[in-house]
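Engineer: Reconstruct the complex from the two isolated chains, following the hints.
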Amino acid sequence: MSQSTEIAPMASGSPDRLTGFRTFWHYFSVNRGAVIGLFVFILLVLAALFAPLLAPYAPDVQDKTAFLRPPAWQAGGSAQYLLGTDAVGRDILSRLLYGARFSLLIGAVVVTLALTGGITLGLLAGYFRGWVDVAIMRVMDLILAFPSLLLALVLVTILGPGLFNAMLAISLVLQPHFARLVRAAVMAEKSREYVVAAKVAGAGHLRLMLATILPNCLAPLIVQGTLSFSNAILEAAALGFLGLGAQPPTPEWGTMLASAREFILRAWWVVTFPGLAILITVLAINLIGDGLRDALDPKLRRS
Amino acid sequence: MLRYLLNKIALLIPTLVGITICAFAFVRLLPGDPILAMAGEHGVTPARYEELKEQFGYNLPIWQQYARYVGEVATGDFGVSISSKRPVIEEFKTLFPATLELSFFAMIFAMVLGIPAGIFAAVKRGSWFDQSLMGTALVGYSMPIFWWGLLLIIFFSGYLGWTPVSGRMGLQFFFKPITGFMTIDSILYGKWDAFRSALSHLVLPAIVLGTIPLAVIARQTRSAMLEVLGEDYVRTARAKGLSSARVIGVHALRNALIPVVTTIGLQVGTLLAGAILTETIFAWPGIGKWMVDSIFKRDYVVVQSGLLLIALIVMAVNLIVDVLYAVINPRIRAA
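One line per chain: the protein sequences are A and B, in this order.
In terms of the numbering used here, the first sequence opens at residue 947 and continues consecutively.
In terms of the numbering used here, the second sequence opens at residue 102 and continues consecutively.
So here's chain B without its partners, still in its complex pose (with noise of 0.2 Å):
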């Protein structure tokens, strides 16, 4: 087990560098002059220019740039944003929990009706309910889910008036957050008005953001299921005169969520990609939002470590289901 975690770590060594040359070419590739891009929009004067070359070392040969960017991104030294003057690391730490909090919930929601889904339409193959629901998950898969947040506000939020639009929270609570997410928080602090408010929010764009790995999970876990079906350990549990409900919830299922596990990590990218569209569009202060608003900000401090960060989060959670995945899975492991 250990000589395959080193393998797979060991793999991952040149996409790592790989991925902090895209970021550090990122500033460099902007058109126009990197130390003004850098800078911002505001000018500078020919001393201030020289100072900050100095300062980013721009004046040093390629190279000797690229190892100095790495030295200090290895010591946690991603920046400082050009419109917050705050060290990208500290907002990036403020912001974060707000994604996670709402990719969480997400993945529960598609989780929760997807799995049942997936396993009851397998049964049931080729009923009404398998095709109908086959036929919503493509319609799922196919969302612009930028449009389904809109529609969505404008049904809850505009005609029914039962979730607010935007935002994470009523602007009427403050608390320190303890734990990052809203939810949690309210209850620890025992705000039971908060917690409520927090979850209003909540709801539409976790909802949003579920929509795509909901469709994906319930196609992959019909499929799963449909395979396993199929098997002789079943026949034979069948065979041993076990409820039918047995064979299925033990027999087959424990089989069968195994692609489903790799499904749901491998769901993790298409995240945090839809959390840049849910976040923008329900003006939800996660990090999707804070990308996108520094790209339009040219904040290119901010984006070029958002970048890193990103990439690096889905590096690692990719790395987490592979290591799961060898765990429920003996077989990987040997090969």
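Chain A extracted, bound-state conformation (with noise of 0.2 Å):
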């Protein structure tokens, strides 16, 4: 045992972890659109956590001389507001702003509640086998029978409408991927040696499955998690769109799109704005993705 532990430091020491990180930045920065996408997406955590300095009105002040004013360009428009009104008087590019804390919020809380029952799941699946294995893998066979959204859109039926429960109802629909994925790591790694090894050395089963498994199937993991993310996205705002998610007058930008619908032909901005809001982050989530597939996956680089 206290081999193992003097061994230990030396493996995961600093140079050593110095070299893995520049080696995936070697191969992420290789792929232009994955370091748009990141820097994309470091300007959109900007914009949420700045907000309030940024934006140029609160959210849900409403300015009753300024109904669908057109963006600045337009003819009609001003520079006092940038991106036009909405039907209400109040301020786009400011509801956009704050709009950008909710959708990553979504991301942020969907994939960690999906990583956490996936792993979880996957972990005691791919670890006992037997009918705890059949039982769970069953379960998430069920969940994946069916559509997505309408999954979704049933499980806020029950649940009530509202974004939090949105988002909990999204974890659940995009948990099964993950269980999958773990579920197929872990199995194909417990026959390794290092395990086998680490066995004998007398760890117990929890230690064998979170610190000698886990850690070698988080690749796999990071690349969905991040597609994850984009979905969790994508699938709170067409809740909020249906009416289902976020409630108004929350800024969030599919709510947004759903309040702005019977406007469609009359003024084009409220439209556009908080789907291109949407597209923009999805897109750049997907690009760092496809970049960390190609960084993390040995099988995918090229060489």
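No wet-lab data here; the hints were simulated from the structure.
Treat the hints loosely; a few may be bogus.
[As the list claims (entries may be wrong)] Far from chain A, some chain B residues (derived; all Cβ distances over 12 Å):
(1) Leu106
(2) Ala148
(3) Ile163
(4) Gln165
(5) Val171
(6) Leu214
(7) Leu272
(8) Tyr290
(9) Asp333
(10) Ala340
(11) Thr363
(12) Leu408
[Unchecked claim] What the simulated footprint calls covered on chain B by chain A, stretch by stretch (three residues with Cβ under 8 Å from a Cβ of chain A suffice, anywhere in the stretch; the number is not a length):
(13) 115 to 123
(14) 239 to 245
(15) 250 to 263
(16) 387 to 400
Heads up, the beta-carbon is just placed ideally off N, CA and C, and yes, glycines get one too.
Structural biologist: Written out as structure tokens, the structure is:
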């Protein structure tokens, strides 16, 4: 035992980890799209963090003299409202900036919940096999048998509309992907020599699962986590758009689109900008996801 | 082959049971009293309440209720819609062809553009065409389709005035459905202006619904082609002096299409989820809009049975895809 504790710090010492990150960055930065995606994503995080400083107005302030004012560059627009105003005179730019908070929050919460649930179930299924595996994976198959948006809709009907319930529903729907991934990875790793060695050294089930096997399954999980982040934003926006996600006057982008729908033929800007914000965010995250796949998956790595 | 098929069907049984349990549990998990929920918003007298309780079987033990539910569903009894008072299965039968027609044309759109684009990108790997196509595909894949639909309405219906905003057919046309596909029925009746009307209503929703499958198919075709183009038998074909078109079109494509067929099959769930949004935007009278409307009308009998029917369709299509895959790829059957 004492030997292994001596070896461990050397193996994961700082020079090794640094080269690990360098290798990662080397492969990640080859992908120009991924770097652009990362840059846009950082901008979005900054916009969300500093929304109160950046936004010219509070997201729910109504100007009764400026309903459906077009953006600044169009006739009738003014620099006062750069991207125009909505039907009750709220500044669209300010609402979009505050909306970034919701979208990033949705992504973060959903991925955290889905990842935690998926890792737990996948580890249990892949490690113990037998009836535990059968029971867990049958339930996962069942969740995947429904179109994801339909299942999320039905769950929100049960839980009641709202942002939090929408996030819960989406996490539940996305979670089987993680469980399947972890299970497959655990099954592949379980019979490897280092796991057997740890077992012989006296590691318990929990230690074997969490400390020995799990760190070696991280790469596909990170990629899937990124893709789920963007999926969660899309699905939450879709629920908001259908009126079952975040409720007005929350400046969530999907919800903004829902209330803009009736003005589509009169005021293009109330529809265009919130959707563009969703598209840019999701695209940036998917670009990062592609880059991560290239960098983390040695099989797909260009030699 | 028969053993493979039976094996696949046997594996579906637990899922099938699970789906019925989900649909059964749905009504019982709704907040509030399930009978009041099933009875709609109007409220009921105590006498009627007891009657309904008897009718829905809520005074039985839970496992008997479930057995009763499965019995009903197995004999094709999916309940009666609270809002329209019509049997749910009748409503489904009238609305499903609309979703099928929309999904069919969406898939045609995605395949006709996606497969050639993917092949061309793979053949010209690294060219500007390849790069811009893959960039566009990623944009398509990231698209919030409900917004994409609104944008197309703004441009094609609002600005250009080319297409109608909503619905399936001009109101002046009416005929008894034969196939349920408006485009085909109008041809069968020989009404060409009705055909034009049906087509102009169909084109935007089909593009919107087909966008994500298009992106997925283009990406999948490209990567499958790239893999196949590096294989020995393709090199052999080239070495034999066959023309480039023949090598790509026959030797490579035939093998590259195998994973693409699976991808296309797996898009069915995406299509049905997308149909919920697309049909809502374009007021397309299919099962997606039906589900959303029923949720808002609190017509939970429809939601329950719709959930069940849609899950069954997805399951059946996945089974068909599995079988087709085994037919075109003998290696799967042996495994």
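Engineer: Would you say the segment 387 to 400 of chain B counts as covered by chain A, given the rule of at least 3 residues with C-beta under 8 Å?
Structural biologist: Holds, because 4 residues of the segment 387 to 400 of chain B bring their Cβ atoms closer than 8 Å to Cβ atoms of chain A.
Engineer: If I take the minimum Cβ distance from Ile163 (chain B) to any residue of chain A, is it greater than 12 Å?
Structural biologist: 17 Å, holds
Engineer: Compute the least Cβ-Cβ separation between Leu272 (chain B) and chain A, then decide whether it is above 12 Å.
Structural biologist: The assertion about Leu272 (chain B) holds, with a minimum of 20 Å to chain A.
Engineer: Determine whether the non-interface label on Leu408 (chain B) survives the test: each CB of chain A must be over 12 Å from its CB.
Structural biologist: 6 Å, violated
Engineer: Please confirm whether Thr363 (chain B) is truly not at the interface, meaning its C-beta sits more than 12 Å away from all C-beta atoms of chain A.
Structural biologist: Correct as stated: the minimum Cβ-Cβ distance to chain A is 15 Å, above 12 Å.
Engineer: Looking at Val171 (chain B) again, its CB stays over 12 Å from all of chain A?
Structural biologist: It holds; Val171 (chain B) is separated from chain A by about 16 Å at its closest Cβ, greater than 12 Å.
Engineer: Any Cβ of chain A at or closer than 12 Å to Leu214 (chain B), or is the non-interface label fine?
Structural biologist: 20 Å, holds
Engineer: Beyond 12 Å from every Cβ of chain A: is that where the Cβ of Asp333 (chain B) lies?
Structural biologist: Since the minimum Cβ distance to chain A is about 19 Å, Asp333 (chain B) lies beyond 12 Å and the statement holds.
Engineer: A cut-off of 12 Å on Cβ-Cβ distance, and Tyr290 (chain B) was said to be off the interface with chain A. Does that hold?
Structural biologist: 33 Å, holds
Engineer: For the segment 239 to 245 of chain B, do three or more residues have a beta carbon lying closer than 8 Å to a beta carbon of chain A?
Structural biologist: With 6 residues in contact (Cβ-Cβ under 8 Å with chain A), the coverage given for the segment 239 to 245 of chain B holds.
Engineer: Counting residues of the segment 250 to 263 of chain B whose CB is closer than 8 Å to a CB in chain A, do you get three or more?
Structural biologist: Held - the segment 250 to 263 of chain B has 6 residues with a Cβ nearer than 8 Å to chain A, which meets the minimum of three.
Engineer: Is it correct that the beta-carbon of Leu106 (chain B) has no partner in chain A closer than or equal to 12 Å?
Structural biologist: 19 Å, holds
The structure is inconsistent with hint 12 alone, although it conforms to all the rest.
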